Amino acid sequence: MNLTAAELLERQSTGDLSAEAITQSFLARIQQVEPKLRSFLAVDEAGALEQARAIDAKRRRGDAMGILAGVPIAIKDVICVQGQRATAGSKMLEAFVPPYDAHVITRLKEADAILIGKSNCDEFAMGSSTENSAYQTTRNPWDLERTPGGSSGGSAAAVAASEAPLALGTDTGGSIRQPAGLCGIVGLKPSYGRVSRFGLIAYGSSLDQCGPFAHDVRDSALLLEVIAGHDSRDSTSVDRPVPQYAKVVESPVQALVIGVPREFFNQPGAQATGGLDAEVERSVRDALKVYESLGATIKEISLPHSPYSVAVYYLVATAEASSNLARYDGVHFGHRAKEFAGLIDMMKKSRGEGFGAEVKRRIMLGTYALSSGYIDAYYLKALKVRRLIRQDFDRAFAECDVIVGPTSPTAAFKIGEKTGDPLAMYLSDIYTISANLAGICGISIPCGLTKTGLPIGLQILGAPFTEEKLLRIARMYERETDWHKRRPAV
Amino acid sequence: MTTHRIIIGLEVHVQLLTKTKLFCGCSTQFGLPPNSATCPICCGLPGTLPVMNREAFHLALKAATALNCKIASFTKWDRKNYYYPDLPKNYQISQYDLPFSSEGWLEIELPSGPKKVGIIRAHLEEDAGKMLHDEHAGKSDSLVDLNRTGTPLLEIVSKPAIDTPEEAKAYLEELRLLLREIGVSDCEMQEGSLRCDANINIHVPQADGTFIATPIIEIKNLNSFRGVERALKYEAERQANELRRSLDAGAWVVDSSRAKAFRDYAVIQVLTQRGSEVAKATAGWDERTGRTEIQRRKEEASDYRYFPEPDLVPVKVDAAILDKVRTELGELPAAQKARLQSQYGIPAYDAGILSRQGRAFVAYFEAVVKTCGDAKEACNWTINDLLSTLNERQLDINVCPLSPQGLGELIVEIKSTGLNKQRAREVYTAMLDGLTAKQAIDKLGFKVVGDEAQLLELVRRAIAANPKAVADFKKGKLKAADAIKGFVMRETKGMANTEVVQRLVMEELNRG
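Protein chains in written order, with our numbering: chain A, 1 to 490; chain B, 491 to 1002.
Hints should not be assumed to be uniformly reliable.
Here are the computed lysine to any residue pairs in the SDA-like style, where the Cα-Cα straight-line distance is at most 20 Å [unchecked claim]: (1) A/K414 - A/V490; (2) A/K338 - B/K509; (3) B/K509 - A/R233; (4) B/K866 - B/V889; (5) A/K381 - B/E767; (6) B/K570 - A/K338; (7) B/K806 - A/K381; (8) B/K806 - A/K349; (9) B/K509 - B/R544; (10) B/K620 - A/K338; (11) B/K649 - B/S632; (12) A/K349 - B/Y572; (13) A/K348 - B/K806.
Computed footprint of chain B on chain A, listed as stretches where at least three residues anywhere in the stretch have a Cβ under 8 Å from a Cβ of chain B [what the hints assert, rightly or not]: (14) 195-203; (15) 210-216; (16) 300-309; (17) 313-327; (18) 367-376; (19) 447-454.
Some chain B residues well away from chain A (every beta-carbon gap over 10 Å; in silico) [as the list claims (entries may be wrong)]: (20) N571; (21) P575; (22) P800.
The hints are simulated quantities; they were obtained by calculation from the structure and are not laboratory data. All values reported here derive from a predicted model rather than from experimental measurement. Glycine included, C-beta positions come from ideal geometry on N, C-alpha and C.
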């Protein structure tokens, strides 16, 4: 079933398809491809079918239907669903069953979406390839030898391979946009505060945002509309009205000015930060030509502090993570070592056994960055540069509507290719990371395929709380091209 | 003993009188079954987020304003990171470099007069849970009760400006009175809603005019104000002895070139033989043995890795909020005391007693004055008789069996009839059972003898019957007149108008 959410909604309203039939079809697809892909950590077959039947009954009764009635959705395993295990891809939370729904889950249930399963991710969302999951390695549906990106690789692969028409991911440094780009689908990171973080297992609290994966911009708009909005349980969620994204997405932006940051591209004599692949660059430049043909003005801009974004990110995110993950010590919850001598030994062994290598690396980095004697040089300095990065964007958005560039420097890389070199792995988020530091919104849409048939992502960044404009501009390109209609042959 | 100076600073934690916790909706009620007042948020479950209790912040603002603190227009939350099983998140949400208030003072009453004790800062934070160690029957289980986890605490840090253990106690009493009066905390040390850690060291004078400072000791496990005072007294002596012994033994040394200014004199820290400052330490107070026990030396300061709490937004405080807080505060004890003195002409000591009983008591006193018009008598009756009645019967002023109007009428009655104090107390006691002053006097059958002719005759008889007293009086022993008065009182069964008797006795004796 290759249909989009919008098409599934349409087919149900005309009576061509029932929610149950849709769900069964996706469950069958999961059964078919899952042995190859390993996108899901858990598939809730019985629960999904039960929800589907309830939705069909509701429709038969003539009740008002939710915005996503009967549309299956995959949920990244860092998001809490009441009564379902939430492992965050970690051994540490192997037995954690949250007694509450995340805010986004409450919204999905109210919208009558069908929660089909929990998707794989890097442990505690730390990673760019989903290889840091303690449970399994997810494959890229376009090439099973390659990673789907990460950390929301399970969600991206599930949508790309049509195991689900929609998925939720979280993006702390690019964890939605990068896998969306590498899997040839649309992934959107909302502005910080647009979507409640209540019920998201925290990684970097000042950076984390939950957002949609979909085949196209319209579906992304639909899903964003459902999950966005104020939640009194998250003090950082912002109380601003939520536009009807799906309704406005078709209207193009007039007198569009696109900013193209010099730093994101190769210059004569200077490689782009992060080493931009030539094929990726060509596709992005082609995309800019499409916008030009639609009457947009392309303007070169500068984000002078963007080269520091990876360094800043790995101080801020890890500092917050070192504190957020302190609670997993085997005392109240989390994995507890079987044998230990006293309290401190129990905490040490439990953490030693429960966390994987990358999580430990980041906890150590963050602990160090906050330690007395180092905090000024690392964490506090990073906060200052973070402010400069935000100011770069503020200045840029004063002269352009959006900023366009590549989502990731390369197309999907091979499984195992970067696991031995954490720095190389970190650099695959070079273009996405600054958006989280600045709190702005960003989207990745498919804009091409490499000669070997791997998807290329185009990233569009917008000022805080301009998701409406961002989606409209993304849709302008999508209407002119058919990259979003390509499906991998898995 | 040397005349060392004592330097004390107090860190007080008070639990705010909110219905719910600082960052979730759980109850703060004391004494609930273990772990019944908990939820995913205060248990720190993955995915949960804190949301600030506005009432807690408001109460904290009231307290800080009453403590004359500067209120920050912008304040933020920080995480204090440390691993402990009573802290489920392994970090405490507190305030680090931008507390909501700082630089205040609390005025306390000392025998030498009033003193303003400086306050460095007051900030809000969440409480931790309670560890229970079950070691009976060979078990070694440790249990945690998380009911208290997340309860709002106000930490009030005084300057090291408290000079004696008695002063420390007075500071705590004044603080408790203030916080209770403004409804911020009930300050029950037994229930843990007021906790106190005391930092103390001593400065010992040298021949050259400088002072040697002992290492600062932080005393914990203080369970009563009396305990604070005793612990500080003990610790000051202990430090003096330790200093003398250690200097004599050469374990500690003094490098006079390393003097630092403190207030208006120079202070030298004691050093180890290796030349580093002797480490600070914490000590536990043992109420039973009356001793402080050094628990651990702080070789290096703990690294709490404070950083801004990303799950909460900073709080802005504007002038309108502060105005509201000031209005709500009403009259604070110090101002009230001053007003009672000036408005009613009562001594500072009495005004202090009245003020310390709280606003309701002061209101009672003022209502008595309104009825009887005699502030001095109203004050005597309320702070002597009424207060003992309330204490004996363990009653709150709000449920006092005698209305202030009743007590006022009694005073009026006494003044008009000249009823003596002893009889008046009997009337007062009868009034506690619900009678009015007149009813009580009737019931007791008291009929004051006020007829001058009748009393004059009695006085003359008394003088005739007591020649010795008369002779003594003539020699200048004015007290001897009491025997004459006593005779008259006995003859009238205590019902003679004391003022008239007094006057007549004096007239007759002086006449010769």
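Looking back at the hints listed earlier, which ones does the structure fail to meet? Result: hints 2, 4, 5, 6, 7, 8, 10, 11, 13, 15, 16, 19, 20, 21, 22 break, sorted rising.
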